[in-house]
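*Asks:* Okay, here's what each chain looks like letter by letter:
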Amino acid sequence: MSSKASRWKTYRPVIALSILSMLVCGLAYPLLITGVSQAAFPYQANGSQVQLGGRAVGSYYIDNGFTLPIFFHGRNETNPFTASASGVDPDITLSDALSQIPRISNATGIPASSLDALVVAHEHWTLWITGDPYVNVLELNLALIAAYPSSYPGYA
Amino acid sequence: MARRVPGLDRVLGKARLARRPSALTTKTLADSVVRLSPVSLLANPVMLIVELTFFIVAAMAAYPYAFVPFASPGERRFYAEVAVILLVTVWFSTLSDSLAEQQAKNTASSLKQLETEVPAKKVVTEGWERQIVRTESTKLQKGDLVLLEKGDVVPMDAEVLEGIAMVDESLVTGESVAVRKAPGDSLIGGSKVASDTMTARVAVNPGESYLDQMVRLVESSKRPKTPNEVAITMVLFGLSAVFTIIIASILGLSVTLGLSVDLSVLIALYVCLLPTTIGALLPAIGLSGISRLYERKVIAKSGRAIETAGDTDVILLDKTGTITVGNRQAVEMIPLDGKTEKEVGEAAFLSSWFDDTPEGRSVIRLGYEKGYVPRELNALTMSEVYDFSAQTRTSGVKLHFGASFVLPKGSVQRVRRKFYLEDASEQGMHLSGEETEIVKGAPDSFLKSGFKAPQGFRELVDKIASEGDTPMAVARDHEVIGLVRLKDVLKPGTREKIEAVRSMGIRPVMITGDQPLTAKSIASEVGIDEFVAQVRPEDKYSIVLKEQSQNHIVAMIGDGTNDAPALAAADVGLSMNSGTEAAKEAANMVDLESNPAKIIDVVLLGKQLLMTRGAVTAFSISNDVAKYFAILPVMFATAFPALRSLNILGLDLQTAVLSALIFNAVVIPMLIPLAMRGVTFKPSSTMSLFLRNVLIYGVGGVIVPFIGIKLIDLLLGVL
Amino acid sequence: MIDAIQALVVVAILASALISGSLLAPYVVRVLTGAPTRLDRLLDPVEKRVYRLIGADPTITMGWKQYFFAALLLNVAQMAIAFAILVGQGVLPLNPQGFPGLSWDLALNTVVSFATNTNLQHYAGEATLSYFSQMTAIQFLQFTSATTGVCVMAAMIRGFKPGSVHMGNFYVDFVRVLTRLLLPLCILAALVFVALGVPQTIGGYVTVKTVEGATQTLLVGPVASLVAIMQIGTNGGGYFGANSAYPFQNPNPATDVLQIYLMLLIPTTLIFVFGEMIGKKKETRPILIGSYALLAIDMVIAFLGSIPVVGPGIETRFGGFFSTFWTVITTAVTTGSVNASLSAINPLGILSAFMGMLIQATPGGKGVGVMYMIMYIVITVFVVGLMTGRTPEYLGAKINARDVKLVMVAFLVHPIAILVPTIAAYATKAVDAIPGFSSLPTSVGFTQVLYEFASSAANNGSDFFGAAANTPFFNFATAAVIFVGRYVPIAILLALAGSMIGRKRVAEQSLRTDGAAFSFVLVGSILLLVVLTFLPFLMLGPLLTYFQGMVNFFG
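Chains R, A and L are the protein sequences, given in the same order.
Using numbering that gives the first Met the number 0, you'd call the opening residue of the first sequence number 0 and step up by one each time.
Using numbering that gives the first Met the number 0, you'd call the opening residue of the second sequence number 0 and step up by one each time.
Using numbering that gives the first Met the number 0, you'd call the opening residue of the third sequence number 0 and step up by one each time.
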C-alpha cells in the first residue's frame, strides 16, 4: 500500500506535467497565435491570397503554375531538372524572366522593351538592396495583365 | 622588468649521487626480451594489442592464402616487413621499461648497498638480567633492543633509547661529519657508530625500512599506479577504443563499399593511430621521476606523493636551514648609554662561555677577534651557569671572584670542555667573595623581568630587528649594558630557488620563531612576501590547516616530534632523516641529507614529472594527424584514385605504411632520454609554460611526423 | 566564395546573435536561479498552482540521478502521449484533410526524434499530419525537448559551480524555462512571422482556381507557431517536407534571416548563461571563443566551395549564399531545418555541416551544446593541463581518473552510434530500399547514409532522404541512434557534474581556462579529436565527392 503510494508520488508529477505541457504547448499556444493572427494579420495568416477580378487565384508565395505562352512561367513548370527544393518556388531569376520576353512579346505583341521595363520594375533581391535579382512570377503576370488589359482579354 | 629566472637544472643544481652506471646492459636487453611475453604485457594493454596485431600479420606472411580477400599472396615479403616492425615497436616499449627500471634500481642500490646482512647485538631482558645475543640484522623484529658500540653498523632503522653517541651516516647521506645521536633520535640502518655506546630500539620489521619501501617503488610490477597515471590510462583506453571502432568500421566498409583494403595496411594504420608512444613510455616516465628524486637523496614513500608535490601551491619554509644556514653569527657589539664596546664585548663573552649553540660560539669568536677576552676568564671556573630557559629566553653566568686558576694552553674550545661547574666543585673549590651576574638573551624578556634599561634601548632593538638581524641584549647585574647584533647568513642559491617557485605561481611562506621585524626583513631579502613569525613548532599544524582550509595544497618540512601532526596533515610532508621517528613516520618523503631546502627541489621535480607525462601524451596524440595523411589517402586511392590529391606526402602505398610504422616505432627509443631525464623547462608562469609546451609537444607533435615520415620514405627509396 | 556584402551579412547576423545573447543571458539566469523577474506577478500564482496540481514539491533539490531520471521519465511520458496522437490522428479532431494515423514505426521514429530535439522527419508533414498532430504532437514536443535541454544544462552548471550542493529541481526548471523563456519568446516570434507572411490558421487547406484556371491547393495551417519554436528551440522539424525551403514556412529573405538569427539566439545566450551562473563570467570565454571560432572555421570551409547557383534544390529568393549559410548554421546549432535541398549544397558545405554535427558545440544544440563544450574543456584541460606541471583543474576542481573515464565514455558514444548503423545499413542492404540510391556514386551515397546517422546521433535532424527513408530499418535504426545520442551523453555528463558537488576546489587554478590562450588550444584540441575520429569517413564521403569534382549531391 505504502509502496504504491510512494510510486504514485514519483510518477504523478511526470504524468501530470506531460499532460499539462501538451495542453499548454500543443493547444493553448498555437490556438492563441491563431486567434491573434486571424484578428491582426488575416491576409498573411490565411496564406497571402492574391485576388484577380474579385476572386482568389492563388498565393503570392506559391507558384501559380503558368503554362500559356502569354505569361511568364515559373521554374517548376519549364524544366523539371531545375525544380526548386520546395517544388512551389514562386520566383524566377531575373535572367530567367528576361529570357522569356521574346516568347511573350511574340504571343502578345507587346514590345520587348516594354516587357523589359516591366520586369526590371518588379525586381527583388536576395539581400533587399543587393544580392541575386529575382522576380515573383505571379506578381509579374498580374502586373502584365493590369498594364496590358487588351492583350489579356478575359483575365482582368 | 621581470628578473631572469635560471633554468631548472641551474635551480636544482647537480644531482647528489655519483653518475650511475649505464642502465643499458646485456641484462637489461635480456630482461626487455623476456617482457615481450603477452602475459607480462597484460599491464600495458596498448602494447598487448600491438603484439596481437604482430601475430596476425606474421600469420599473413606465413599463410597468406588463409587471409584472402584481405591479403594478396604476392605480398608476403611486405607482410613480413610489417610484422618485424610491429614486433620491434613492442620491444622498444619493453626496452624503455627495462631501462627505466634498471636505472631506478641502480640508483636505489647505490643508496642501499649498506643494507646488506650485518651482525647485530640483540639485548634480551630476562627478569632483571640483561643479556646480549649475537644475531643477524635480518632476524631482528620491530621493537627489539640492540646494543650499539663504537665501530658497529646500525643493523636496521632504529630509535635511540639510552646513551649519546656520534654516528657516521656518510654512507647514507654523503655527509662526512659524524652526527650526534641522543635518546629519541633515529638511526638509519647502515650507518656506523663512530664513538661511544648506546642502546636503540629497532623501528621496523625486516623489509619495511625506507630503503626497502623505496626499492619496492621501483619494481614496476609492484608499483601501484598513481592517480594521474590512472587518468592517463583512461585517456589511452578511450582513444584505443575509438581507433578500434574506426578500424573495424573501415574493415566493414571495405567489404560493403568494395574498398579492397589490405588487412596488413589496415593493421598498420591501427597501430600507428594507437597511442603507442605514450603507452610505451608511461611506466618509464613514472619510474624516472622517482629516480630523479633518489639522485637527490630524497625518498618518496609513494609515487602519489611526487605527483602531489607537483600540485603544491603553498610551501611552508622553515627559515632556519632553508633560507638561512641555521647559525646566526654575532657581528657587532653595541654599547648602550655610557658603556664602552669593550665592556659589552667582555660581558657577552663571559655570558656565552658555556653556551654551546652556534650563536654562543660566534659571540666568543667575535670577542677573540676584537680582543675582548675578559680578565675574569679564570673566574669562570667558579661560576654558576644559568642554562637557557625557554621561559625567560635568557642564559648566563654568575661569577664568584676570589678563587683563580691559570688557563691551560690550548684552544678555547678545549678549555670549555674541560672545566664544568661540576668539575670545579669536585676539585674542592669553594665559591665565595664578590659576585657578578651576567645574562644575555632576548631583549623583551629583560624588560619583562624588570631589568634596568637605558634610554634608546627599545629603539635600538627595533632598528636592529628591522635590518633583519637579531638583537641580543647583554645585562650585568640586572642592568642592560649593550646589544650584540646577530646576523642570519642566507643560504647560497635559496634566492634563486624561491624566485623559481614564485614564478611558477607557488606561494612560499616563511615560518620562523623570530620576532616579526626580523622575519620581515629576512623574508624580503630572499623575495618572500609572506611569513609567520614567533612560531612554536606546534603551531605549524594550525598553519597547515589554515592554508588547506583556503583550498591550498601545502608542502612543508619538519624534523621534530612536534612536527609530526603538521607533516601528516600537509599534502606533501618532507621529513629530515635526522629527525625523530615520529616525524619520519608522518611524512610522505624523507630527505636523507636532512636539508630542509630540498622541499623546493621536490616540488620542482614533481612538476617536471607531470609535465613530462603531459608532453609525451600530447605529442603521441598529435602524431596521429600525419599518420592519417600518410596512410589513408593511398589506402583508399586503390578504390578511389581521386583521393590521391590528399596524398600530400607523395607516398606509395607500401612505403607509406612502412614509413609511418617505422616512424611510430623509432619515436619510442628517441623519446626514452626525454622520458628518463624529464622535460627541461625554465621555471616561469604556468601560462607561459603551458603555451611553450603546447607549441613544442602539441603543435610540434603535428608537424614533426610529417617530416619524419617523409625522411624515412626517402631513405627507404635509397635502400 | 562569397563577396564582401555577403560576408558583412554573415558578420552582422552573428554579431546580433552575440549581442542579444549577452543581453538575454542575465534574464535566463534569473529564470534558472529563481530570482525575481518582471513576469513574476503574472506567473508566480500560476506556477504555484501548477506545482500543486502536478504534485511536485518545488523546494526539494535533486542529485544527478534524480534529476536525470525525472527528465528521462517526463520525456518518455511525453513521447507516449505524442505517439498515441500520431497513431490515432484519424479519429482525432482538427483533421480537415482526413489524414489516417501513422504506421507505428514511423510514429515511434517521429516521437523519439521530436522529444529529443532531433526532428529527423521520415514524412512530409503537409501530406501526413493533421493540424491536431502538428500542434499537439510536433509543436508540443518541440517545446518540451528544448526545455529539457536547457534544464539539464542548468543542472550540469550547478554541479560544476564551486560550492554548490545540489543540481536543482527538474520540475521547477522545466516549468520556469517553459513559461518564462520559450513561450514568451515564441509568442513574440510567431506573430512576427505571421506579419512577414507565414500562415497561421486551422481552417483547412484552401482550394483556388489559378489565373489560368487550374485547380490549386494552398497548404495553409498553423505554420507560424511551429516555425517559431522549431527555430528558437533548435528543433528544426518543419511543417512541410521541404522544411524552410517551402515558401509558406519561409516566404522571403526577411523571414530567412530572422530564422537564422533565432536558431543562433538561445544557444548563444546559454554560453553567456554559463559564466553568469557559475559565478565567473570570464569562464564563458573558452566556450564562446571556442564555439564561435569553430563556427567561423566551418563557415570558411563551406564558403571555400562553390556557391550553388539557382538551380535544382535552391530556392530563387534565397540563392546559393543563403542556402549555404543556412546549412552551416543549422548544423552548427544542430537545428536541422533546411532552406534548400541538401543535395544542392557543395561538398565542402556538407563537410562543414558534418563538422557542426560531429562537434555538437559550435555552439551546438539547446543546452547540450554547452554541455559538450564542457566535456571538451575537461578532456583538453586534462591532457594539455598536465604540461603546466600540475594535476589539471577546471573551475578549481582537480580532474581525476573517474572524470576522464566518464568523458571518454561520453566521447565514445558518437563514433559507435554513427559508424555501426552506417555499416549495418549497407550490410543489411537496407539502403537499397531507398528509391534511386543504388544509382548514386559511392561517395554521394555514402555521404547520405553517414549524414543520416550523424544527424541522428547529434540530434540535428536534417537529412538527404526525408520521407524516402520511411522504411522499418531506418525508422528503428535512427530512433535508436537518436535515443542513445541524446540520453547517454546527458546521463554521463550529469554524472560528471554530480561528482563535482562537494569536491575540494583549489584556490588558484594552475592553467587558466578563462583566457584566449586556452580557448585557442581548446579549438585545436576539438578539431584534433574530431579529425582523428571521423577523418577516414569524411574522406570517403564529402571529401571524395569534392575531389571527384562534383559540385553537389544529386549524383
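By construction, these hints were calculated from the structure, which means they are not laboratory data.
Please note: incorrect hints may appear among the correct ones.
[To be verified] Listed next, the stretches of chain L that the computed footprint assigns to chain A, with coverage defined by at least 3 CB atoms under 8 angstroms from CB atoms of chain A:
(1) 213-223
(2) 261-269
(3) 372-384
(4) 392-405
(5) 421-435
(6) 439-453
(7) 495-505
The beta-carbon is built from N, C-alpha and C at its ideal position, and this holds for glycine as well.
*Asks:* Now, for every hint given, state plainly whether the structure supports it.
*Replies:* Structure-based check of all given hints:
1. Using a Cβ-Cβ cut-off of 8 angstroms, 0 residues of the stretch 213-223 of chain L lie near chain A, which falls short of the minimum of three, so the contact claim is violated.
2. Note: the stretch 261-269 of chain L has 0 residues with beta-carbon separation from chain A under 8 angstroms; the three-residue rule is not met and the coverage is violated.
3. Residues of the stretch 372-384 of chain L with a Cβ under 8 angstroms from some Cβ of chain A number 5, which satisfies the need for three, so the listed coverage holds.
4. Figure legend: the stretch 392-405 of chain L, annotated as covered by chain A; annotation consistent (8 residues with Cβ-Cβ distances under 8 angstroms, at least 3 required).
5. Residues of the stretch 421-435 of chain L with a Cβ under 8 angstroms from some Cβ of chain A number 4, which satisfies the need for three, so the listed coverage holds.
6. With a cut-off of 8 angstroms between beta carbons, the stretch 439-453 of chain L has 3 residues touching chain A; three or more are needed, and the interface restraint holds.
7. Coverage of the stretch 495-505 of chain L by chain A holds in this model, with 3 residues showing a Cβ closer than 8 angstroms to a Cβ of that chain against a need of three.
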